[in-house]
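Chemist: Here is what each chain is made of, one letter per residue.
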Amino acid sequence: SQQGEEDPQALSIQEGENATMNCSYKTSINNLQWYRQNSGRGLVHLILIRSNEREKHSGRLRVTLDTSKKSSSLLITASRAADTASYFCASLRFGNEKLTFGTGTRLTIIP
Amino acid sequence: GAGVSQSPSNKVTEKGKDVELRCDPISGHTALYWYRQRLGQGLEFLIYFQGNSAPDKSGLPSDRFSAERTGESVSTLTIQRTQQEDSAVYLCASSRWASGNEQFFGPGTRLTVL
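These protein sequences, in sequence, are chains S and C.
Note that the working numbering gives residue 28 to position 28 of the first sequence, counting from 1, and the numbers run on in steps of one.
With the second sequence counted from 1, adding 111 to any position gets you the working numbering.
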């Protein structure tokens, strides 16, 4: 099974509301990254949080990491229609050079 | 500079034929990755190149799949004797070096095996 699991699998909210997505992983990690994918094509890197960090901000994005629970959350504030996409977390284990992607959350922003 | 490019963007082939997919990474990026994404699913790691080191092929699903990379530039993913279950989007990504840096993705190649 894949290491990363996101929930919910799908989320629909009204424009302007905040969207929260969660990610769980199974093993100790070096860092965890969040990516966005539009229309089933290339992914765009959003933010990276290292294992010794607990929270990180980038514009309207806020990421938290709880290594004791092996979980992370991505919060998008003041959502916009353009935020409609699939969001994936990806974890990097220590001593490993490849990311393990979760199954993704499909976010729909309703105008 | 230009991002990661992939060609072709779409490929339709008949079962049993061989296909070759190409990836041009960002110049100067030493690490290159191939992933497969089936419809509505997450990314499945296939293979990883880092500089001149031996590639990590642990994700290749069968011996029908192979990949090469010329130095730190172009990579090709070859699928021999394609099967219908090979239908997916094949994504390539590169990063400045490995060890956890962000990956830059190409637009992908959508492969359809009839």
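Hint data in this document are derived by calculation from the structure and do not stem from the laboratory.
Check before you lean on any hint, since a few could be wrong.
What the hints assert, rightly or not - Computed list of lysine to aspartate or glutamate pairs in DMTMM-like fashion (alpha-carbon distance at most 25 Å, straight line): (1) K70/S to E5/S; (2) K122/C to E155/C; (3) K56/S to E213/C; (4) K69/S to E53/S; (5) K26/S to D167/C; (6) K70/S to E213/C; (7) K126/C to D174/C; (8) K69/S to D174/C; (9) K26/S to E5/S; (10) K128/C to E213/C; (11) K26/S to D7/S; (12) K126/C to E213/C; (13) K128/C to E183/C; (14) K26/S to E213/C; (15) K122/C to D135/C; (16) K128/C to E155/C; (17) K26/S to D174/C; (18) K70/S to E155/C; (19) K168/C to D135/C; (20) K56/S to E17/S; (21) K128/C to E196/C; (22) K70/S to E53/S; (23) K168/C to E196/C; (24) K56/S to E15/S; (25) K168/C to E53/S; (26) K168/C to E97/S; (27) K26/S to E15/S.
Claimed, not checked - Beyond 10 Å from chain S on every Cβ pair, some chain C residues (computed): (28) E125; (29) H140; (30) S177; (31) T181; (32) Q191; (33) V200; (34) Q214; (35) T223; (36) L225.
Unchecked claim - Output of the computed footprint for chain S on chain C, the stretches with three or more beta carbons under 8 Å from beta carbons of chain S: (37) 156–165; (38) 215–221.
Backbone N, C-alpha and C define an ideal beta-carbon position, used for all residues, glycine too.
Chemist: Compare the structure with each hint and give your call.
Modeler: Outcome of the hint check:
{"no.": "1", "hint": "K70/S to E5/S", "result": "holds (11 Å)"}
{"no.": "2", "hint": "K122/C to E155/C", "result": "holds (19 Å)"}
{"no.": "3", "hint": "K56/S to E213/C", "result": "holds (15 Å)"}
{"no.": "4", "hint": "K69/S to E53/S", "result": "holds (14 Å)"}
{"no.": "5", "hint": "K26/S to D167/C", "result": "holds (22 Å)"}
{"no.": "6", "hint": "K70/S to E213/C", "result": "holds (20 Å)"}
{"no.": "7", "hint": "K126/C to D174/C", "result": "holds (16 Å)"}
{"no.": "8", "hint": "K69/S to D174/C", "result": "violated (38 Å)"}
{"no.": "9", "hint": "K26/S to E5/S", "result": "holds (9 Å)"}
{"no.": "10", "hint": "K128/C to E213/C", "result": "violated (35 Å)"}
{"no.": "11", "hint": "K26/S to D7/S", "result": "holds (15 Å)"}
{"no.": "12", "hint": "K126/C to E213/C", "result": "violated (36 Å)"}
{"no.": "13", "hint": "K128/C to E183/C", "result": "violated (29 Å)"}
{"no.": "14", "hint": "K26/S to E213/C", "result": "holds (21 Å)"}
{"no.": "15", "hint": "K122/C to D135/C", "result": "holds (17 Å)"}
{"no.": "16", "hint": "K128/C to E155/C", "result": "holds (23 Å)"}
{"no.": "17", "hint": "K26/S to D174/C", "result": "violated (29 Å)"}
{"no.": "18", "hint": "K70/S to E155/C", "result": "holds (21 Å)"}
{"no.": "19", "hint": "K168/C to D135/C", "result": "holds (19 Å)"}
{"no.": "20", "hint": "K56/S to E17/S", "result": "holds (20 Å)"}
{"no.": "21", "hint": "K128/C to E196/C", "result": "holds (13 Å)"}
{"no.": "22", "hint": "K70/S to E53/S", "result": "holds (13 Å)"}
{"no.": "23", "hint": "K168/C to E196/C", "result": "holds (19 Å)"}
{"no.": "24", "hint": "K56/S to E15/S", "result": "holds (23 Å)"}
{"no.": "25", "hint": "K168/C to E53/S", "result": "violated (31 Å)"}
{"no.": "26", "hint": "K168/C to E97/S", "result": "holds (12 Å)"}
{"no.": "27", "hint": "K26/S to E15/S", "result": "violated (33 Å)"}
{"no.": "28", "hint": "E125", "result": "holds (23 Å)"}
{"no.": "29", "hint": "H140", "result": "holds (13 Å)"}
{"no.": "30", "hint": "S177", "result": "holds (18 Å)"}
{"no.": "31", "hint": "T181", "result": "holds (20 Å)"}
{"no.": "32", "hint": "Q191", "result": "holds (24 Å)"}
{"no.": "33", "hint": "V200", "result": "violated (6 Å)"}
{"no.": "34", "hint": "Q214", "result": "violated (7 Å)"}
{"no.": "35", "hint": "T223", "result": "holds (13 Å)"}
{"no.": "36", "hint": "L225", "result": "holds (20 Å)"}
{"no.": "37", "hint": "156–165", "result": "holds (count 3)"}
{"no.": "38", "hint": "215–221", "result": "holds (count 5)"}
Checked against the numbered hints listed earlier, the structure breaks hints 8, 10, 12, 13, 17, 25, 27, 33 and 34; every other hint is satisfied.
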